[in-house]
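Chemist: The chain contents come next:
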Amino acid sequence: MSTATAASQSPTYVRVPSEPRPRFRDLCRMEWIKVASLRATWFVLIAAALATVFINLNGVHSDLQYLDHDLAHPRGITPDGKVWHFVYDPLRRSLSEIAVQLMMLGGSAIGALTMFGEFSTGQIRTTFVAVPKRGSVVAAKVTVLCTITTILAFVVALISFLGGQAMVASRHVGLSITDHDAQIAIAAYTLVVPVSALVGMLFGAIIRNATASIVGVVAFLFLIPAFFGGDKYRWVVELRHLFPGNAESNLTYWTHDPYTSNGRWPASHLHSWAVLVGWTVVSIVTALIVVKKRDA
Amino acid sequence: MTRRLGSVVPVIELTELTKRYGDKTAVDHLSVTVRSGTVTGFLGPNGSGKSTTLRMILGLNAPSSGAVTVEGRPFADRPRGLRHVGALLDAQDIHGGRSAVAHLKSLAVSNRIPLRRVGEVLEEVGLAETGRKRIGGYSLGMKQRLGIAGALLGDPPVLLFDEPLNGLDPEGVRWVREMFQKLAKEGRTVFVSSHLMSEMEHTAERLVVIGRGRLIADETLVDFARRGSQATVLVRSPEADALSAILAAEGAAVAPAADGGLTVTGLPADRIGELAWRNNIMLAELATGNASLEKAFMELTADSVEYAAGENR
Chain V
-10 MSTATAASQS PTYVRVPSEP RPRFRDLCRM EWIKVASLRA TWFVLIAAAL
40 ATVFINLNGV HSDLQYLDHD LAHPRGITPD GKVWHFVYDP LRRSLSEIAV
90 QLMMLGGSAI GALTMFGEFS TGQIRTTFVA VPKRGSVVAA KVTVLCTITT
140 ILAFVVALIS FLGGQAMVAS RHVGLSITDH DAQIAIAAYT LVVPVSALVG
190 MLFGAIIRNA TASIVGVVAF LFLIPAFFGG DKYRWVVELR HLFPGNAESN
240 LTYWTHDPYT SNGRWPASHL HSWAVLVGWT VVSIVTALIV VKKRDA
Chain Y
34 MTRRLGSVVP VIELTELTKR YGDKTAVDHL SVTVRSGTVT GFLGPNGSGK
84 STTLRMILGL NAPSSGAVTV EGRPFADRPR GLRHVGALLD AQDIHGGRSA
134 VAHLKSLAVS NRIPLRRVGE VLEEVGLAET GRKRIGGYSL GMKQRLGIAG
184 ALLGDPPVLL FDEPLNGLDP EGVRWVREMF QKLAKEGRTV FVSSHLMSEM
234 EHTAERLVVI GRGRLIADET LVDFARRGSQ ATVLVRSPEA DALSAILAAE
284 GAAVAPAADG GLTVTGLPAD RIGELAWRNN IMLAELATGN ASLEKAFMEL
334 TADSVEYAAG ENR
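Protein chains in written order, with the numbering used here: chain V, -10 to 285; chain Y, 34 to 346.
All the given hints hold, so there is nothing to weed out.
The following label-pair restraints were derived from C-beta to C-beta distances:
id	chain 1	residue 1	chain 2	residue 2	range
1	V	Q172	Y	G129	40 to 46 angstroms
2	Y	S172	V	I213	42 to 48 angstroms
3	V	T136	Y	E49	42 to 48 angstroms
4	Y	G129	V	H58	53 to 59 angstroms
5	V	F211	Y	S97	38 to 44 angstroms
6	Y	G105	V	F13	23 to 29 angstroms
7	V	I140	Y	S172	35 to 41 angstroms
8	Y	G170	V	F211	32 to 38 angstroms
9	V	P11	Y	S97	25 to 31 angstroms
10	Y	G170	V	T136	29 to 35 angstroms
11	Y	N199	V	V274	36 to 42 angstroms
12	Y	R165	V	T167	46 to 52 angstroms
13	V	I140	Y	L173	35 to 41 angstroms
Some chain Y residues near chain V, calculated using beta-carbon distances under 7 angstroms:
id	residue
14	G92
15	L93
16	N94
17	F108
18	A109
19	R113
20	L115
21	A120
22	D126
23	I127
24	S139
25	V142
26	S143
27	R145
Below, a list of computed lysine to any residue pairs in the SDA-like style, where the Cα atoms sit at most 20 angstroms apart:
id	chain 1	residue 1	chain 2	residue 2
28	V	K122	Y	T102
29	V	K282	Y	Y54
30	V	K281	Y	A100
31	V	K281	Y	R106
32	Y	K166	V	T110
33	V	K122	Y	R106
34	V	K281	Y	Y54
35	Y	K166	V	A29
36	V	K282	Y	P107
37	V	K281	Y	A95
38	V	K282	V	A128
39	V	K281	Y	P107
40	Y	K166	V	A25
The hints are simulated quantities; they were obtained by calculation from the structure and are not laboratory data. The C-beta atom is built at its ideal place from N, Cα and C for all residues, glycine as well.
Pulled out of the complex, with its shape left as it was, chain Y reads as follows:
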């Protein structure tokens, strides 16, 4: 995995990319540049057009209008793809009747990739032991690992993953995150889709957020977090009433939390601590809620949720 990427600038460029199915627009004039050297998260609610976009990047679906290039040219124009782009779209996109070894071998020979890579990538994803068994008997997590092995096979400068954390155990999730960061550090372009902000929080540096096929945000994770409402802070204190009056006087919104604590919006944690100390109020707990990214994501995509659950029943 140490090939120098040299003068290749691995980058994905979407220009006014649009896909319509009948009168439904799945992807709507999407213009995004995915840069190399970072993990870029691709977020959106279910049905927002993430998978369709990834398929168009890979030339699997033809755009209705607009264009997309990978390393400066449409991916579908390449005779062979695995040395340019590694992709895991759906772990189930695989014939269950074969063994993992046969599957990867068939991919390797088509791109003239040395067959020793099959053993190497299986080792890397932790499937070396089960490689000869039929894929049909694999769990979803094992299929995800096999899909990742397939993506790594050609040691490509660009990697696309569609919801790669589905079905992985916590250890698997940690492993995938570290691998993505390692791949990005090697100078590769890593583009990872998810519908869960929490998955991206510890994985991506940049975010591309879409809703109903339209671009909502294309910025760093830090910038994105600032977009949402201010962070919430959880406080617990024996003198909750007194504290809540003081905080309210400072302009914060205070609401009782489920387990007797207070949820404070509008004041940072250090200021709350300072106020409590000055007023001689003991604090049992003071924690910054890490839901701010999730909240920003929910707020920004709220208008564009395709399949919202019914609110009143």
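Next up, chain V with everything else stripped away, as it sits in the complex:
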């Protein structure tokens, strides 16, 4: 080739006049179309939401069988001789931990899917040719993912809470939505889902493979915390408090029953919120870095 001609031909970039100004909301629309056009997304999210609501309402419903008896005979004595007084915990069943784990599972799967769905199929190259600025693509994914999971989780938390409280309302042991504890619990029950989704996205971005991403995020959210059970060593408890699921259960814990305890060395609410915020930041920042640095 002749370098001389090449140099003289080498153009200074002239903007194509018809090109419109790039907008972030266009990228959000792109990500929305991508998420919404996959059947798996809706199947996972709706199945998780229905199952969660069912478990919560069914849990309160089964409480009803014993509630009248326990309320009529509230005093009891434990086998080791301690006097005990029945207090109904209005949050434990209506916003149950096992049910929110289904939402966390669904959210993290969708979060992982937004990344591995692109990287494992090669779609990501098509996406990056359309939008070479990778950071904006990740930002749009985060926006769409958090919006969908937050709205859905909020609806699930609200139906679970209001439905549960309505069932026990005639016994006057329910909580009002204006109750401070109730509001914190609903907020935590909601926000742990987008946080899980972002953690899922992080695993998807790092691992890029469908099966391994899902296994990784499930292990992180549900299996690894199980290794840090018990109240024997403080450092074990401290480590346990660093997981999103633990933060959620701490924030939904109802503190007004003097006869139950949240374990030794309980975390403060501030600590639990910081854990949720921390995972949000870590997930977004790490996903941004790996997506920007690695070859697509």
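Following the hints, position chain Y against chain V.
Modeler: What follows is chain Y alone, placed relative to chain V:
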């Protein structure tokens, strides 16, 4: 498809472009300028670094050293790409769970391309009927067409295609060739990779040939063909022995062909015809072999074939 490209000079410029994976060099100091207004073929054996080069042009893979610009600046610096470059890298680079319409719509909205373009490009590639079906059920040829539709979506001045003829039926191949030539005539830069010379023969005007990541040739198809050994001519005659003696006397290399004809190297077809006529030898067939380009390609890349099949077994 008639937007005036105006003052934009669509051009791809590679300067000492290099990509290493560990101690393996996939692309080795490659300097090439791809010009507008022609179809440029990008040839090389399997594993010669074509796809890696295309990915670096598109900013998907970062070069280890060197630089590449599209329309004068690195492609990765652009906020949106589809109005600048249309690319089909791998027809499988697509999520199978969506419909073609949803896929193209998601691309169009990201670049603020009017949604009517989705219908237009689907029509253009012949997928208008199947656009609403899931891509997972498409054949490779249909995916190629969808990939081409995606590349055309933003009506870009630069188009890159990595082995676009794979999986296409003969009608599809003809259609793609005509489309490439049409796009080039409109003043666009069309850069098409292939590992088969025969695919490029009727498609490209210029060739960029690489082997083991190094530049072997960057010239017109005509010049490239001259580089190989001289053209072979196939002759068939009832008096094959006599003819072969005459041709050999003229300095040509004559070898028997598989089906009783003669393969002649070193003499053009018109000269062979003339010699036969003068010597009163009847010819049943006289044809110039069109393998010369293929041969030139094979000879030039022979030293740099990455995955050669074993010769002795």
